[in-house]
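Chemist: Residue strings, one per chain:
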Amino acid sequence: MNETMIAWAFFAGKILLLFGLAFGFIAPIMVWVERRVCALIQDRYGPNRVGPLGLLQTLADGIKLLLKEDLRPNEVRPWFFILAPIICVIPATMAFAVIPFGPPTTLGGLFAEPKRLQIAELNAGFLYVLAIGSLGVYSIALAGWASNNKFSVLGSLRASAQMISYELAAGLALVSVVLLSGSVDLVKIVESQTYLWNIFPGFLAFLIFLPAIFAETNRTPFDLPEAEAELVVGYHTEYSGMKFGLFFLAEYVNMTTVSALAVLMFFGGWEFLPFLPWKDVGVDVNGLIPLFGGFSLPAVIIPFSWFAAKVAFFMFLFVWVRWTVPRFRYDQLMSLGWKTLIPLGIFNIILTTAVIVFHRMS
Amino acid sequence: MLNENYLLVLVLFPFIATLIVAFTRGNAVSWVSISLAAIYFVIALLGFSVKELHYTAVWYAPLGLSYGFYLDAYSYFLILLSAFLTLISLYYSRGVIHEKLAAYHALFHALQATVVACLLCDDLVFFYVFWEAMLIPMYFIIGIWGGPRRIYATMKFFLFTFAGSLLMLIGLIATYVMYYKGTGQWSSSFHSLLEYYQAHPLSVETQRWIFLSFIISFAIKVPLFPFHTWLPDAHVEAPTAGSVILAGVLLKMGTYGLMRFAVPLFPEAAAHYAMPLCLLSVIGIILGALVAWRQTDIKKLIAYSSVSHLGFVTLGIFMMTEIGWNGAYLQMINHGISTGALFLLVGFLYDQRHTRDISAYGGLAKILPAYSVVLAIIAFSSVALPGTNGFIGELLIVIGSFQSKVASWGWVVAASTAAVLGAIYMLHLVQKICYGKNQDPQNEQLYDFRFREWVIYIPLVALVFIIGFYPEWLLGPVREKTMQIFSTIPQHLR
Amino acid sequence: MMSVPISYLLFLSFGVFCFGACGFLIRKNALSLLICLELMLSGVNIAFVSFSRLHQNEAGNILYFLVITVAACESAVGLALILNFFRIKKNIRLEEANALEG
Amino acid sequence: MDNPTEILSFVMGAAALMPLLGACLWFWIGKKFGNEKVAEKIVSVGAVSFMAVSFFCVLYTFLNVEGSARVTFFEWIRFNSKSAVNFAFLLDPLSLTLGLVVTGIGTLIHLYASGYMHGDPGFGRFFTYLNLFVFSMLMLTFSDSLVGVFLGWEGVGLCSYFLISFWFSEEENANAGKKAFIVNRIGDLGFLIAMCALFKVFGTLNIPELLAAVQAGSLTPDQLFWIKIACFGLVLGATGKSAQIPLYVWLPDAMAGPTPVSALIHAATMVTAGVYLTCRMQPLFLLNLEILEILAFIGGLTAIFAASIAIFQNDIKKVLAYSTISQLGFMFLAVGLIAPVAAFFHLITHACFKALLFLGAGSVIHGLHHEQDMRHMGGIRKKMPLTFWTVTIGVFAIAGIPPLSGFVSKDEILHFTWHSHRWWLIMFAFTTAFLTSFYMGRLWVMTFFGKFRGHHEAHESPVSMTAVLIVLAILSAIAGALNWPELWGGSERLNEYLRAVVSQAAGEHTEEAFYSSLKLAGISSLVGIAGLTLAWFRYRNFAGEEFKAPIFRIFKNKYYIDEIYDFAVVQNLKRIGYALWKGVDGFVIDGFLNGCASVSTKASLRFRRLQTGMTQQYALWVWIGFLLLLFGAWSLR
Amino acid sequence: MEIQQILFFSFAALILLSAALVALRPRPIESAMWLILNFFLTAGLYILLGSNFVSIIQVLVYAGAIMVLFVFVILLLNLDPREFGSEAGLPWTSLVMFIGFLTFIVLSLHVATPELMKKLPEIKETGAGVFGSIESISMVLLKNYVWGFEIAGVILLLALIGVGLLAYRKPPVRARAIHTSTTDTMKDGGAS
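Protein chains in written order, with the numbering used here: chain A, 400 to 761; chain B, 17 to 510; chain C, 118 to 219; chain D, 81 to 717; chain E, 162 to 353.
Same shape as in the complex, but just chain A (with noise of 0.2 Å):
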């Protein structure tokens, strides 16, 4: 097993685990979860018979979805119907592969070199992750233009002004913390907070970031395009089967995504507490742990379920929001991107680039 060989071991090892994860586990757990914190707020039960506290519930959906006759209403634009979900996918799943997971490691000395534990080690993932982003849209824009549907068409295009706009204002938020981090890397940021987290620096950034992610995802309260009472579903309402299975993996794949990043960019990544870094705790990230003295493994579990456990909880605060905060109203969605949010948004990154400036001189 030669070096050669390790590293492509390895990069399959990071794509099986990430996507394992991703599609294997994220997505069905957090249809669970989803579905159990609804009840548990509306206080009913939600899924419970199917496996443990209804675990498997969210699988046997998922069977039952393949297993459905593929539908295909006679007025859709045939290509572009079946292109949507496909579409749909694949920027998510794009996007996840540069989403570093934990720090850089040699894996108790397996590389000379220490490794990104990101798929693509791109050292402009920022950029990446925003570029693949703005791809979203064109899933949901030609589904509901395909569909041939005018609750479609409309969710549709509320979808793509939506997700236009507040991509915007969550890029206008996210330079600041380039800014602060000095480093388009998402590897490089995650390091640059190691004392001090930006979400204190760029707390303001946050507050923008924050609804412009809610947006982005199509997420209550911004969840105007599949806003069921208006539009019934918006753009998936003729799709049914394993088209409309992807549609709903993507948004949880994306939910993962901006999670991540929220936690890459502004809470330190795999990084202990804030002000308290693992190096701190007596955890070297990029070599042996001298707490289990030669077992390389936990180096990078350590962080990663560090690292999850704040993606976790994003993910949970996405749930949260969406059964306790009310829908917006267009308009409001709208003005609140374009007269709030992004002027803010350019506001922060003036000061931000003054502070920075002003520090630098004195």
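Some clues are possibly wrong.
Here are the simulated lysine to aspartate or glutamate pairs, DMTMM-like style, with alpha carbons at most 20 Å apart [claimed, not checked]:
id: 1; chain 1: B; residue 1: K453; chain 2: D; residue 2: E252
id: 2; chain 1: B; residue 1: K453; chain 2: B; residue 2: E469
id: 3; chain 1: B; residue 1: K448; chain 2: D; residue 2: E566
id: 4; chain 1: D; residue 1: K531; chain 2: D; residue 2: D646
id: 5; chain 1: B; residue 1: K448; chain 2: D; residue 2: D302
id: 6; chain 1: B; residue 1: K421; chain 2: D; residue 2: D302
id: 7; chain 1: C; residue 1: K206; chain 2: E; residue 2: D241
id: 8; chain 1: B; residue 1: K453; chain 2: D; residue 2: E250
id: 9; chain 1: D; residue 1: K111; chain 2: B; residue 2: E469
id: 10; chain 1: B; residue 1: K382; chain 2: D; residue 2: D200
id: 11; chain 1: D; residue 1: K111; chain 2: B; residue 2: D464
id: 12; chain 1: C; residue 1: K145; chain 2: E; residue 2: D241
id: 13; chain 1: B; residue 1: K448; chain 2: D; residue 2: E250
id: 14; chain 1: C; residue 1: K145; chain 2: E; residue 2: E248
id: 15; chain 1: C; residue 1: K145; chain 2: E; residue 2: E311
id: 16; chain 1: D; residue 1: K599; chain 2: D; residue 2: E576
id: 17; chain 1: D; residue 1: K654; chain 2: B; residue 2: E469
id: 18; chain 1: B; residue 1: K453; chain 2: D; residue 2: D200
id: 19; chain 1: E; residue 1: K331; chain 2: A; residue 2: D730
id: 20; chain 1: B; residue 1: K453; chain 2: B; residue 2: D464
id: 21; chain 1: D; residue 1: K112; chain 2: B; residue 2: D313
One-sided excerpt, in silico: chain D residues whose CB lies under 10 Å from chain B [said to hold, decoys possible]:
id: 22; residue: R150
id: 23; residue: W156
id: 24; residue: S161
id: 25; residue: G235
id: 26; residue: F242
id: 27; residue: I262
id: 28; residue: F279
id: 29; residue: P288
id: 30; residue: E289
id: 31; residue: L291
id: 32; residue: V668
id: 33; residue: I669
Think of the hints as simulated: they come from the structure by calculation, not from any bench.
Just so it is clear, the structure is predicted and the values come from calculations on it, not from any experiment.
A virtual CB, placed ideally from N, CA and C, is assigned to each residue, including glycine.
Once you've looked at the hints, dock chains B, C, D and E against the given chain A.
Modeler: Using the frame of chain A, we list chains B, C, D and E on its own:
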């Protein structure tokens, strides 16, 4: 003694006057405008003792552009003439023009401003700018207060002169660039160009092309045959005061350009083209006179007489003799006075009868004796009777041209026939208007000169005789200037 | 890293550009026109980036940024115009945009 | 004013300015007071006294100037640093003599006119013009430069114009004035050219310098050529002003003016300006003998030509007008034969008797209430005795009856003609002499003898007119004494006096010459008497009949010269003018322009089809152009 | 053949193919889709060329912003074939294609010279970082080309204002709108 700031006053005053007049409203317009014109005339008179003034301020140094103004005899007397005629035409217009009064007066001041700036500027770029700018006020004056065919006339006027100016622009640019090629630095100052081109004349071939581009523009402005057909139309349609300024000042810009720019810069080319240009001048002289004779429209008659007279001026210039140049310059002034006065006299009749048809009048010497006397004096000044201003100019031109090496003396003889032809059409005019029996009862209602008219015509008539009997006050400075210019022209070309 | 001659890249650039230009003339609706315009700009961008690589300086890349700035503006304004056109004519057929017919 | 030059300049300035001042004054007074009696009085007294002052000034100068003198007033035109023209007077025998004639005759005619113009609404205006004329004439006479002469030369033309068309309400009068001015202008053109040529040669236009330069000699052939041109020009000028062939046509028409005008301007003074000029510039002509030859021929031809026309004129003033032309021809004949003194002598005598004749005719016209046609006159010698007797002296003088002035001066010219041995000139001269006495006799007889054929009763003229007639008659009678030939015991004072400035072959003082001259005198007086006698018998009982033969119709219609000029020159010029206007300006130039305009209009109508409004087609054109550029760039590589 | 060459040729082929489809597909939405694909492929090509940052921007701006705008407008208008116009005729199409082909040939003639046939050099470190990286580009952009950068900003601002003005419609007065709509319905109702 006046210093170079006097030039700034001279240039800027009419612009300011334009603005003041443009924003004046109501009954005050006329008086404000006329008093401004009078003040300007006085300012212009102040410069009489000035021999030469030069003002320069940097505009854009890398390209050698400057706010350069230069006053000498050549520009001074034309400025004086312009100020004088503007004053008189504005005074005349009082009570004649009623609509859009402020605009009317402002346009005349603007015209004055552009003309003066064009005369004074020492910078080719400025020269071109103001050369073009001159068209604009005149365009509006004819186009708004003109006669029934004014649109045709303004279009013709504008297209003719504009086409010429564009050609001149090419020439100006060539002059400018050649200087750069020769010296390695940019300059658009006429003086530095002149000095350079005198020291290092361009090849004759190049000179010719540049000269041609100049000459067409100037010839159209003058207007030289065969570019003259815009003139009768423009004159006929223009309001009286517009005609006065057009004939009295604007046409002079062409000949002034010849004397100031075209010939001194490119003497070789001027000598090369002098012969055909003289021929055109002679044709213009004779054609203008003969055609004038056959006109029934009084204004058209005078317009064609302008063609004839300005033919003399160009003849004097292109014959390339000092005496001829002095005569040509004097003739420019004379033409301004005489033709301006003639247009005013026609206007006097037109304002009362609203017709310019020569046959509508007759026997006015009985009804309007004072008018007839003034008309006769001006007419005889126009036909160059000795003792009037016209004679001095024409004599100098003819005597100068006769000595020229440029063209045969036979041409001078041919040109001099205009003395006869001029008498024919002018006496025709005087006879048809003043002599004979009055056929039209409407003419009985005409009023003769009142105070207003005397104010206008006494200075004009006085000038006719002052120049006729004592031209030295004008000729003296001009002669010195001409001598200065001729000292720069190679001996073999004179 | 890349071992093809610059001319191949330029051929590619020309090809994209010419397809864009052809599309620009063939299509009869304003939207497709704008789309083809983007294609042409993209073709130009390929050339810029290729030359940037050839000369190993960033000028080409920077020109790429300027080009996309223009492209973004152009598409935004163009689309706004199309919207207005649609509001007036209720279609986007270029045949109907012939008010300048001589 | 101790300096004699200063005194002279003051005196001569006064001489010239008095009429000019008068001109302004009379105009103002005439305007101010209308035609009131008082205005007329002021004007008439003023005008005559101003003229008298002027005359005495000239006389003073005449008596006080030895040889010649120059007075300069101020610089007029400066040509260049070397040469300028001044307002300056050249006082020499020639100019002073003419000056005396002008002011002297002028004074008399002013006096006459004050009676003649009595009651005319334009009384003030008339004297304005008349005084202006005298001013111009004095400028012409005394100016020491050709430009100054030209000022006078044109000035008299101008006044002539105003005076001919004095009664402007008649279209004819206005036309006659215009014709006079324009024809004169043709002559002036010659003058102008002469000035140019002389300036080219000598660089100055001051007469003394010019003549000095000519007399200094050593001229190159080129210069001689220019002098020849100048001489041609001067001859043309002289023919215009002095009404010689081919430019004489204006003079007969000029009779449209009031009669005093005809007397002063068109008989005594202005028309002699040509003679004066040629005499003044004689050194130039002496370099060009062939031009003198031509001048002599023109003079002779004009003399006989005009005389032949005069025979058939019925208008009394027309007869006198043609007579004037004819007599001027005599003078030019003399000048051409290098006898300027003779010419000048004839000029003076002619001024006297022709003025007399005109004024006499004016008296007749005045007496007959503006009747000018001789066919409506006759037998008025009883009614107007003074007029009759004075006119008779005039007629006899012009007819060459010895010893009246006309005989002496004409005989001198005939003498020179005879000795020139040119048979055609001799023939012209003697025939003219005969014709002159014939038509003058005709005039005399038709007017004063026979039956009265008019409409109005004749009356004698006022004293102011007849007195002038008497003075002039005396002058006409005795003026011959001025230059009575030495051969016949005279002193030839004029000859002596003028010799200083003009050259003339001196007469021989031999026996042979005496008999030869006596023979000539006999022949000439015989010719004169024969003419008068013939006229007496032919017209004694005139009742309206005329020569009927067709050949005479040509004479009667003045050889159709006016018609030929009109047809050949005026109409053609009109046509050319019209053609230039409509053809060159309207058709060629404006046609070209409008053609350009319409071609571009039409072309743009074609080209606008290229503007389909389809953007993509435009784009295709752009593209194709781009492609061609690319291809061009490649193929040029 | 190296792997990069293989990648390049396959990318090039796909780029050309998608470009052709952009030009040839009749419906705007299809063109847009193919164009998006084309941009992605081009982004890939840029990565091959070493311009990573450019590649990301290509996706972010072109695919992510500009094309979204297009798709958005296509959706907004929701055109049927009648509204987006008939197809050009065969003569016109073939003429245009022919000229396009000629242009390609002539352009290619221009670059088909030996000195342009040399292979691209290897990527070097520039002063500020690896060629094509964000550091390297931004150092040059914000130092040497800062004016171009600023002007680009101004152009964007102008476009922003311009589009705002173009797209702005006076909002109808609400009450009035309701009123008219009710009358319309009433009319419709009356008519039916």
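Chemist: All hints, please: hold or fail.
Modeler: Evaluated hints:
Between the alpha carbons of B:K453 and D:E252 the distance comes to roughly 11 Å, so the proposed pair stays at or under 20 Å and holds. For the hint pairing B:K453 with B:E469, the CA-to-CA distance comes to about 25 Å; that exceeds 20 Å, so the pair is violated. Distance restraint check for B:K448 and D:E566: the Cα-Cα separation of roughly 57 Å exceeds the 20 Å cut-off, and the hinted pair is therefore not satisfied. The suggested pairing of D:K531 with D:D646 is violated, with an alpha-carbon distance near 39 Å, which exceeds 20 Å.
For the proposed pair B:K448 and D:D302, the alpha carbon gap of about 47 Å is over 20 Å, so the pair is violated. Distance restraint check for B:K421 and D:D302: the Cα-Cα separation of roughly 14 Å lies within the 20 Å cut-off, and the hinted pair is therefore satisfied. Using a Cα cut-off of 20 Å, the hinted pair C:K206 and E:D241 holds, with the two alpha carbons roughly 14 Å apart. Distance hint between B:K453 and D:E250 is fulfilled; the C-alpha atoms sit about 7 Å from each other, no more than 20 Å.
Annotation: proposed proximity of D:K111 to B:E469 holds, straight-line Cα distance about 18 Å (limit 20 Å). Under the criterion of a C-alpha separation no larger than 20 Å, the hint pairing B:K382 with D:D200 is consistent with the structure, at around 14 Å. Distance restraint check for D:K111 and B:D464: the Cα-Cα separation of roughly 14 Å lies within the 20 Å cut-off, and the hinted pair is therefore satisfied. Taking the CA atoms of C:K145 and E:D241, the gap is about 14 Å. The hint holds against a cut of 20 Å.
For the hint linking B:K448 to D:E250, the alpha-carbon distance of about 12 Å falls within 20 Å, and the restraint holds. Pair hint C:K145 plus E:E248 holds up; C-alpha atoms about 6 Å apart against a cutoff of 20 Å. Our distance criterion of 20 Å between C-alpha atoms is broken by C:K145 and E:E311, whose separation comes to about 36 Å. Only pairs whose Cα atoms come within 20 Å are accepted, and D:K599 paired with D:E576 is rejected, the gap being roughly 25 Å.
Proposed proximity of D:K654 and B:E469 is contradicted: the alpha carbons are some 35 Å apart, above 20 Å. For the proposed pair B:K453 and D:D200, the alpha carbon gap of about 18 Å is at most 20 Å, so the pair holds. Note on E:K331 and A:D730: the hinted pairing holds, with a Cα-Cα distance of about 16 Å set against a maximum of 20 Å. With a C-alpha separation of about 17 Å, the suggested pairing of B:K453 with B:D464 holds against the 20 Å cut-off.
Of the pairs offered as hints, the one joining D:K112 and B:D313 is violated, with about 34 Å between alpha carbons and a cut-off of 20 Å exceeded. The interface hint given for D:R150 is violated, since its Cβ lies 20 Å from the closest Cβ of chain B, which is over the 10 Å cut-off. The restraint placing D:W156 at the interface with chain B holds, with a minimum CB-CB distance near 7 Å, inside the 10 Å limit. Hint on D:S161 holds. Least Cβ distance to chain B is approximately 8 Å, under the 10 Å limit.
Satisfaction of the interface hint for D:G235 is found here, the shortest Cβ-Cβ separation to chain B being roughly 7 Å, below the 10 Å cut-off. Among the interface hints, the one on D:F242 holds; its C-beta lies about 8 Å from the nearest C-beta in chain B, closer than the 10 Å criterion. At about 5 Å, the closest approach between the beta carbon of D:I262 and any beta carbon in chain B falls short of 10 Å, and the interface hint on this residue holds. A cut of 10 Å between beta carbons decides the hint on D:F279: the least distance to chain B is about 5 Å, and the hint holds.
The interface hint given for D:P288 is violated, since its Cβ lies 19 Å from the closest Cβ of chain B, which is over the 10 Å cut-off. Annotation: D:E289 was flagged as interfacial toward chain B, and the flag is violated, the nearest CB pair being 16 Å apart, outside 10 Å. A hinted interface residue such as D:L291 counts as satisfied when its beta carbon comes closer than 10 Å to some beta carbon of chain B; here the least separation is about 19 Å, so the hint is violated. For D:V668, the interface hint holds, since its Cβ comes within 10 Å of a Cβ in chain B; the closest pair sits about 8 Å apart.
Taking 10 Å as the C-beta contact cut-off toward chain B, the hint placing D:I669 at the interface holds, the least distance being around 5 Å.
Comparing the model with each numbered hint stated earlier shows that hints 2, 3, 4, 5, 15, 16, 17, 21, 22, 29, 30 and 31 do not hold.
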